Amino acid sequence: MPIEQDYSKTEHGTQPVESDHQDLNGTPTLPSFTAKNSSQTVNTLWRTLITPNSPNVTPNSSYYELISFYVYHGLLVLLYFNIFIFGLITFSINRTKLWFFELAYNPSKSPSVISADIGKLNKIPKRVSVILNLKPEETENGGISGLISDSSEVCAWVVASGIKYLSIYEYGGELKNNIPELRRSVYKKLAVYYGTDNVPTFSIKVPHANAIYYGASDQDIDQQRYKNTAHKPILQIVLLSNVDGRATIVDLTKVMADLTTTNEISPKDITVKFIDDELKQLVGEEPDLLILFQPYLNLQSYPPWHIRLCEIYWEPDNDAVTYPVYLRALQKFSTCKVNVGK
Amino acid sequence: MFPKFFTNQFPLVMYLNGLIEDGIINIVKTGPVPQHIALVMDGNRRYAKVNGIQLKSGHDAGAYALVEVLGCCYRVGVKAVTIYAFSIENFNRSQAEINTLLELLKQKLLYLSDTGHYAERYNVRINIVGNKDMIPNEFRSALDKVEELTRHHTKRTLNVCFPFTSRDDITSSIANVANRVLSEELAVADINLQQVSNSVIDRTSPPLDILIRTSGHTRLSDFLTWQLSQNPTSTVVFTNTLWPNFKFWQMMWILLTWSYYQAINASEIRIMTTDN
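These protein sequence lines map, in sequence, to chains S and V. For the first sequence, my numbering assigns the number 1 to the initial residue and increments by one for each residue that follows. For the second sequence, my numbering assigns the number 1 to the initial residue and increments by one for each residue that follows.
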């Protein structure tokens with residue numbers, strides 16, 4: 001019987017990394033499929049043509065195999081070039097479309113405009129999640145301050161839409177490291193939208209650290225209002241990152257395994273509902289809608305348990321956090337029918 | 001390339017069609033090829049409704065599309081294909097439809113795994129992945145037979161997820177680890193990501209590269225969420241084509257664009273996926 005290849009143990013392709021922060025310079029990076037400019041892409045295509053890195057061709061291949069390989073490979077690079085041109089055309093079309101949307105859907109920092117837009121929809125999600133990206137400092141709206149500004153903007157739109165629950169996922173967890181600044185920024189943004197006398201109450205929860213923060217700062221005179229359990233904040237924000245995904249499930253497994261050794265639970269008690277209840281405490285509820293403000297669909301290791309039925313929305317070739325993308329996501333959500341298996 | 005009714009009438013056209021398809025496959029083979037593709041075969045019922053045919057015929061058309069897509073994937077060099085045949089949530093459907101689906105699945109799998117047929121020709125091992133306790137008894141023995149017949153194949157894998165949800169899969173992985181700790185095969189301190197990634201798919205297939213969902217819905221419906229979060233370069237493709245219409249050219253287009261992005265971003269992908 002031939003030995004089966006056990007993929008859980010080999011180094012084939014990618015292997016599950018113990019800690020996803022183990023990158024070259026400590027910052028997780030993602031391929032930016034549209035950030036490359038045209039000359040770089042053409043250069044890469046040329047290099048692909050003349051130095052193909054293919055296992056099909058070895059020094060022992062016959063002349064026929066070599067020639068047929070290079071002919072087919074040449075045709076492949078030609079097809080790549082056509083895809084590149086097609087990509088440029090669709091990029092221009094999408095960017096123009098986004099530019100028109102920005103002109104047409106301008107909320108001008110007014111909750112009533114947003115409410116009017118949302119009022120036209122026949123259903124809105126109860127819980128929204130967004131994936132934000134930390135951009136390099138030198139880009140527009142880049143760095144930590146840009147990320148915090150974008151997060152605050154999204155909070156304002158969510159409050160104006162009447163949605164009470166927002167989770168913000170950022171792969172590296174930078175928002176969790178800048179809570180005081182985030183709290184102030186969210187407060188200021190809501191004050192711009194609603195006026196300083198009428199700022200909606202909000203809470204920021206970090207499930208991984210088991211911490212919850214109310215309002216703009218701990219010195220806020222409204223802290224007493226928040227502490228009153230009868231008063232729930234108008235907006236509950238949850239900050240998630242890569243550690244809330246598989247790493248949390250691994251930690252939960254360790255706890256479960258430990259409890260079985262002390263006979264407090266048995267492996268038979270580990271059911272879907274049980275794990276669901278635990279992960280609701282540890283990470284939060286599953287969102288109804290997940291919005292990605294990036295040009296392509298990449299879930300960036302979003303917590304796997306929480307992405308079961310949620311609608312995923314992204315705008316191709318868009319890399320900015322803008323209101324039209326948010327509104328279009330809600331519009332798409334309002335038209336979709338969830339059958340849950342039926 | 002040419003409409004099916006046309007090619008079926010004229011053998012020469014069929015031959016030319018086959019040549020062109022072979023040519024495209026040889027072209028795509030010279031570039032990066034995904035190792036593991038997952039398919040959510042959505043749209044059979046809508047296809048039946050749109051074409052005014054019976055629901056059973058819609059599912060039949062879906063089965064034909066599956067065989068064609070599998071053939072095209074294996075010829076290009078994909079090692080593993082995972083298909084979402086039946087979700088645990090699908091047990092909410094009417095009993096008649098459930099029976100139709102189960103019967104169709106049984107027939108197709110028995111046909112594929114029979115001697116001299118598909119599985120032998122392409123050297124495909126068929127795994128039934130999911131919560132097998134939920135399979136009705138009359139189908140269980142047939143599915144066990146399919147797995148037995150193809151167990152010795154090693155070159156390629158077909159994971160038939162039936163009945164499956166990712167949450168159930170993750171839960172059984174956790175329970176599996178707990179059982180191993182209880183029987184002292186594993187210490188609590190040794191539990192890591194690799195230990196928890198112990199489902200059948202993780203053990204027998206390469207990391208997931210592309211997940212394709214047809215018929216336009218942009219959600220995962222509890223399919224392979226764990227595997228998707230594992231591989232930072234995995235892609236999800238949502239296409240508006242209904243599953244029975246998803247054939248060779250749609251699959252080739254997806255493979256080609258994936259291969260293009262892999263070639264363009266090769267150096268970045270190497271950084272992202274090596275353990276530094």
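Calculated directly from the structure, the hints in this document are not laboratory data. Warning: the hint list may mix true and false statements.
[Stated by the list, open to error] A few chain V residues that face chain S, going by a derived Cβ cut-off under 7 Å, partial list only: (1) Arg167; (2) Asp222; (3) Ser229.
All values reported here derive from a predicted model rather than from experimental measurement. Yeah, the Cβ is synthetic: ideal placement off N, Cα and C, and Gly gets one too.
Outcome of the hint check:
1. Arg167: With a minimum Cβ separation of about 5 Å from chain S (threshold 7 Å), the hint on arginine 167 of chain V holds.
2. Asp222: holds, 4 Å
3. Ser229: This interface hint holds because 4 Å falls under the 7 Å limit.
The structure meets every hint from the earlier list without exception.
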